[in-house]
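> Listed here are the chains, written in short residue letters.
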Amino acid sequence: MSDKIIQITEMNKWFGDFQVLKNINLEVEKNKKIVVCGPSGSGKSTLIRCINRLEEHQQGSIIVDGNELTEDTKDIEKIRAEVGMVFQQFNLFPHLSILDNCTLAPIWVKKMPKKDAEDLALQHLEKVQIADQANKYPGQLSGGQQQRCAIARALCMEPKIMLFDEPTSALDPEMIKEVLDAMVNLAKAGMTMIVVTHEMGFAKEVADEVIFMDEGMIVERAETKEFFANPKSDRTKLFLSQIL
Amino acid sequence: MNKLNFLQPDKNNLNTYLYTGVILVAFSIFIVFLNSFFNKDIVSFLPGPISFFLPLILGFIGLHLIRIDYSGLRFLDSINKNINTNNFNAFLSLIIVFVVIKSLPPLLSWFIIDANIAGDSKDVCTGSGACWTYIKIWFNRFMYGMYPNPEQWRINLSFIALAFLGTIGFFATEKFKKYLTLYYVVVYPLIAFFFIFFFISGGPIFFDFSYGIIAAVISIIIGFFIPSKFKMYYFIIVPITLYILLKYVFFYEELIELGKLEALEWVETGAWGGLSLTFIVSFFCLIFCFPIGLFLSLGRRSDFPIIKYISIGMIEFWRGVPLITVLFMSSVMFPMFLPEDMFIDKLVRVIIAISLFEAAYVAEVIRGGLQALPRGQYDAAKSLGMGYWKMHILVILPQALKLVIPGIANTFLALVKDTPLIFVVGLLEIVGMLNLAKTNPEWLGFAMEGYVFASVLFFIICYAMSKYSYNLEQKYKTER
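These protein sequences, in sequence, are chains A and B.
First residue of the first sequence: 682, per the working numbering; consecutive thereafter.
First residue of the second sequence: 32, per the working numbering; consecutive thereafter.
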């Protein structure tokens, strides 16, 4: 039981009258890399936003690292600090330098001394190869560099789980590779990752399992090789034929 | 020599076009200049309408001739680019130049040439220009209102001290930078409050407060030598002890009564006035309305219905009533709701009223900035584990406030210019004093000079504020 870091059971979510997530059951084990794919509007992003409660679910339960996500605010912040998230639009803080973007949360949320936080940040920035840009502002960086900084920023909180919400969708094709490389390195280091992406190459390379979603439901979940070699449902086959 | 085509000046005959054009423009300006300054019309031999429009026609042709693209002369190119891009702009430029030349002589003669400043009575003002003697004689009243003359050094000293303490932060070394926010948000307003309400007011209350200040200063100085472990207790216990010692053991009050120490004369706020009152009211309203507005704007976006609807109610109420009625209420209605023996000074009531009034505007301006931030900023801050206050203080407000600097500056300027309205409760700041002086039987008929004087002062204050806000904007600009 202890290796199940995320447990979602019978989860339903509505936006007004529209049901975005229908009866989601999902268990993720520690150190597993999971890729979520599916057509747009299928609820992939909403699903991972529910995992750190950026969206609230209405039915069912979500248990992250042994804590159930409920209305209790204090717990939520503790869980969010353990779940890193990388967004499609980077969402760096434009008024702070790259280094300050990375040290802000460790200093103020984790109460880390400033010196330690900066060392940690530089270490992570080094890993994603933008340590030399540390004193620039986000607006001065390219999209790929910004997204790598966003990954470093999330890593600075030393999370147990990393969520990626279409991290390469807003990037030029040339920059996609540098971001994916950073993610592959992270995967090799043993991080638990849930990645929403259309990059099937990335899925084949690092994912342990692939989840296919459509119309708010999990249509298929399979080991990566199995998923690409012989998908079971027709919907998955159709999707794969279009995307590959 | 290339062929001259006066309809299309080009670079080939640059000098010819340039000289002809410049001479024509210069001549046209010269005609207007003579006409305006010396009342001489050197082209009067021409028929009326032609002589009237001649400068315009000549200048127009001249500007047409010097409109040569890429002439290679930097000065000419910049003129062409800025005021002479096409016929219509050339025409407008000429009109503006002529209007300025035309209007200079009357302005100069009213302000300077025919104006009087010498002497000290109305009789010296014989010229047709302004009577600056009036401003000179009334200067003290315009600056300090009815504040007694021998005590005015207190106002001067307060303002100089506050200006000094206010600018000291800009020269703070790196070591003290981190304390600046604390200094400006807490310490400085307290010092200002002390200076304005106790030092300028004077009276026994000043000494009572002084013990506190003396106690605080002494304890801070000694505090540097205390091990940091005990500092928290030290800064609570020692000032209070010192205060009590000063008040009850050393018996300063008795010294005052014996005449060994001279007490400051009590000057009630009703006697304050003039420009110094403008400053006092503006200053306190500015520092109060900003935090109130900030909390109202956050409150309006809150998830808690009670906070939300109270904020909305406050904002809509204060925005919905005219300032003049608010001031009137504060002086007439408000005291009725207070207990019999409770008394709040008129000036304090006015400052509270204006602060609340302007806070509603500030709140809406700040809300505009909050709305402008993308939702992703909230998501990112939340995903890093920040709670409501950390998210707002570290991420949201720095960006939102930066966005609304122009809007806030706008509100603040409006506030400064609203201060004259406090005349409805009998407080006379500079415009109020002008109106009073205007009706003085000895000095009738100088309203114009007074209003010009006040306008200039207001302009200087407001322009300085607007410049400062622009500097702030530039300072906090980071590329997005």
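Among the clues, some could well be false.
Calculated lysine-lysine pairs in the BS3-like style (CA-CA distance at most 30 Å, straight line) [what the hints assert, rightly or not]:
hint	chain 1	residue 1	chain 2	residue 2
1	A	Lys858	A	Lys792
2	A	Lys792	B	Lys71
3	A	Lys808	A	Lys869
4	A	Lys918	A	Lys841
5	B	Lys42	A	Lys796
6	A	Lys869	B	Lys208
Some chain A residues well away from chain B (every beta-carbon gap over 10 Å; in silico) [to be verified]:
hint	residue
7	Lys685
8	Asn704
9	Asn733
10	Leu735
11	Glu758
12	Val764
13	Phe768
14	Gln770
15	Ala786
16	Pro854
17	Asn866
18	Gly871
19	Glu904
Calculated directly from the structure, the hints in this document are not laboratory data.
For glycine and all other residues, C-beta sits at the position ideal for the given N, C-alpha and C.
> Run every hint past the structure and note whether it holds.
Each hint tested on the structure:
no.: 1; hint: A:Lys858 / A:Lys792; result: violated (35 Å)
no.: 2; hint: A:Lys792 / B:Lys71; result: violated (81 Å)
no.: 3; hint: A:Lys808 / A:Lys869; result: holds (13 Å)
no.: 4; hint: A:Lys918 / A:Lys841; result: violated (33 Å)
no.: 5; hint: B:Lys42 / A:Lys796; result: violated (65 Å)
no.: 6; hint: A:Lys869 / B:Lys208; result: violated (43 Å)
no.: 7; hint: Lys685; result: holds (22 Å)
no.: 8; hint: Asn704; result: holds (26 Å)
no.: 9; hint: Asn733; result: violated (6 Å)
no.: 10; hint: Leu735; result: violated (5 Å)
no.: 11; hint: Glu758; result: violated (5 Å)
no.: 12; hint: Val764; result: violated (7 Å)
no.: 13; hint: Phe768; result: violated (6 Å)
no.: 14; hint: Gln770; result: violated (5 Å)
no.: 15; hint: Ala786; result: violated (4 Å)
no.: 16; hint: Pro854; result: holds (23 Å)
no.: 17; hint: Asn866; result: holds (21 Å)
no.: 18; hint: Gly871; result: holds (21 Å)
no.: 19; hint: Glu904; result: holds (29 Å)
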